[in-house]
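Chemist: Single-letter residue listing:
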Amino acid sequence: MNRGQALAYIMWIAIAVYIGVAIYVFWHFGFTKLPSPM
Amino acid sequence: MKKIVGILIAFAIFIIVLYGYIIPLQGGLISSTAIRADDLSEADPRFEEQLPIQEVDLGPSGRSIFIAFVMLTHILFANLHLGGAWVLLSLIILYLFSRKERYSHLGKSVALFNVILFSAGATFAAAGVLFFISLYPTFAAQGFHIYWWPLLVEATLFGIEIFFVYTLWFTWARIGAIWHVLLGVGYALSIYFQTLAIDTFVSGMLTPGEETITWGEPGLLGMPWIDYLQWWFNPTLWPLQSHRVAAAISFFGFLIAFLAVLHYHDRTDPPSRRYWDWACSFGILWGLAGLIAQPLLGVWYMYAIFAHQHQAFANIMTGPRAWEMLMMVGFISLLVITASVYFIERRERLLIRLGRRDIRRLLRIFAIAAAVAGLVLVQPAWLGGIMQADPGAWANPFGLMYYKHIALLVLVAIGAIIIGIDLLVLRGRRDEEWGNLSRASWAAALITGILGSWIVMIMGYVRESARSPWLFYKIVPVPGGQTYPTPVPPQQILVVWLIGLGLAFAAFWFTFRVTSYHPEREEEV
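Note that the protein sequences, when read in sequence, are chains A and B.
One point on numbering: in this note's numbering, the residue at position 9 of the first sequence is 9, and numbering is uninterrupted.
One point on numbering: in this note's numbering, the residue at position 330 of the second sequence is 330, and numbering is uninterrupted.
Quick caveat, the hints were computed from the structure, so don't treat them as lab data.
Don't take each hint at face value.
Computed from the model, here is a short list of chain B residues facing chain A with C-beta under 10 angstroms [said to hold, decoys possible]:
(1) Leu-220
(2) Gln-230
(3) Phe-233
(4) Leu-237
(5) Phe-313
(6) Met-317
(7) Met-401
(8) Leu-409
(9) Ala-413
(10) Ala-416
(11) Arg-427
To list a few chain B residues with every Cβ distance to chain A over 12 angstroms, as calculated [what the hints assert, rightly or not]:
(12) Ala-10
(13) Pro-45
(14) Glu-101
(15) Trp-148
(16) Arg-174
(17) Glu-211
(18) Asp-358
(19) Ile-365
Just so you know, even glycine gets a beta-carbon here, dropped at the ideal spot from N, CA and C.
Kindly generate the complete structure, drawing on both the sequences and the hints.
Modeler: Below you can see the structure in the form of structure tokens.
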């Protein structure tokens, strides 16, 4: 694996982590703390 | 072009349904001054206006219209720095690592663009201060007094900010790499802290740090230090600041794309077309990156408002201003859809050549998924009542907030994966294709530029509406009572947005024409 490929893998992991953080944030605030307007 | 026509039709239908159907049926035409009349009657007489109301001959909401116009337009110019500074820093760093001239050329153009338009942003800011003092003297006296120290910091940082960006442009390519980076970092940090200073004030209007304003003795501090800290570092300061930075980066990225495709259109030589095609793609990627950060920061911000100013949260989420949130998420959806269409169209030729049918298919799925998410997001939660909880209000089973959280997550994931595909999978291959921008991609970039700017103005209006009919929530009312209702009504704010956008975009384009670099014919991009 060359340097460019390693960087690409790291960035994909970063994107996956970001989506994971998004899921957590929406779960934490959206589903458990903020009321449902219904 | 069918996809672009579809986006424009969807946009038109959305605005017509919102203004013709949802706003009237959610009480959006009724002022918060009328709805919160009982609360207003309990306002402390110390904070009622002592001077005669200064009218501006634009009807009962005239003063609010003045403030909305000057401050929302100011935000567009201020965001050139708040977002543009980080994009500029990225260009400097990319140039230092890659030594590709296009990064340097675009960086220098952006620096000069921001230097020239600095005065426009500062002029609108100064006009805003003047209007606040003239039209809301009691509020101005209290507010500018509480925030004297942050405002002093802000004023000082005006000078530091222009020093950094002007020096950066003036010395471009004439100083060492480390100095470029230092000036770029200094510029980005100075505007970041300048925005933080003004955000202490802006956020404090919505979530004041104290229940009332209590002054102490004359001196350097007009009230105890701990009280100042409560006012300045109030509960919504950091969510607002973070959300603003992300929104400004998104705005600036999409604006670069908008301006780049205009140059793509007016230049005929291939090197220039390759350069502006690349600049458009660069801008859209930044725009998308800033965009996918906003829902996360937005839900944090919403929670801070919910926890500390519940009535304001009700105004904008389950009350008569909820249509503004629908408009905002509708625009976010349209931005993700349009960005998807841009990449579908822009990369099609390359993907066919590379035999990557899987990516082509995935991008199409993303566009459809974003459209479905958008349909979920623009569902009104209820109709037929000012508040969702009103007896007789019809609850929309598709307007459940949980569905909307999932839809926002889908948009975030789509945006993040598109960035990944374009930057990582197609890395190194995109350079073979510059200069072949399709008409659909060209139009998509124009749409993102307009929507990316418009949404910034909507966000500012949402915050103002959430606060109405107060200037400092539940402390200082908008003076004049029922004779001068707030917020600015939906039709009038639409006109304000369009005038502000038209004015700002004219300034952006005419300035960009002067500051842009166009490659020479023999030069490779």
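Chemist: Now look at each hint and say whether the structure bears it out.
Modeler: To see whether the hints hold, each was checked on the structure:
1. Leu-220: With a minimum Cβ separation of about 39 angstroms from chain A (threshold 10 angstroms), the hint on Leu-220 of chain B is violated.
2. Gln-230: With a closest approach of 23 angstroms, the Gln-230 of chain B hint is violated.
3. Phe-233: This hint is violated: Phe-233 of chain B lies away from chain A, its Cβ roughly 21 angstroms from the closest one there, beyond 10 angstroms.
4. Leu-237: With a minimum Cβ separation of about 17 angstroms from chain A (threshold 10 angstroms), the hint on Leu-237 of chain B is violated.
5. Phe-313: holds (9 angstroms)
6. Met-317: Check passed: Cβ of Met-317 of chain B comes within 6 angstroms of chain A, closer than 10 angstroms.
7. Met-401: For Met-401 of chain B, the interface hint holds, since the closest Cβ of chain A sits about 5 angstroms away, which is under 10 angstroms.
8. Leu-409: holds (5 angstroms)
9. Ala-413: holds (5 angstroms)
10. Ala-416: OK, holds: Ala-416 of chain B within 10 angstroms of chain A, min 5 angstroms.
11. Arg-427: holds (7 angstroms)
12. Ala-10: holds (24 angstroms)
13. Pro-45: Correct as stated: the minimum Cβ-Cβ distance to chain A is 35 angstroms, above 12 angstroms.
14. Glu-101: holds (21 angstroms)
15. Trp-148: holds (34 angstroms)
16. Arg-174: holds (31 angstroms)
17. Glu-211: holds (24 angstroms)
18. Asp-358: holds (16 angstroms)
19. Ile-365: It holds; Ile-365 of chain B is separated from chain A by about 16 angstroms at its closest Cβ, greater than 12 angstroms.
This entry does not satisfy hints 1, 2, 3 and 4, going by the numbered hints stated previously.
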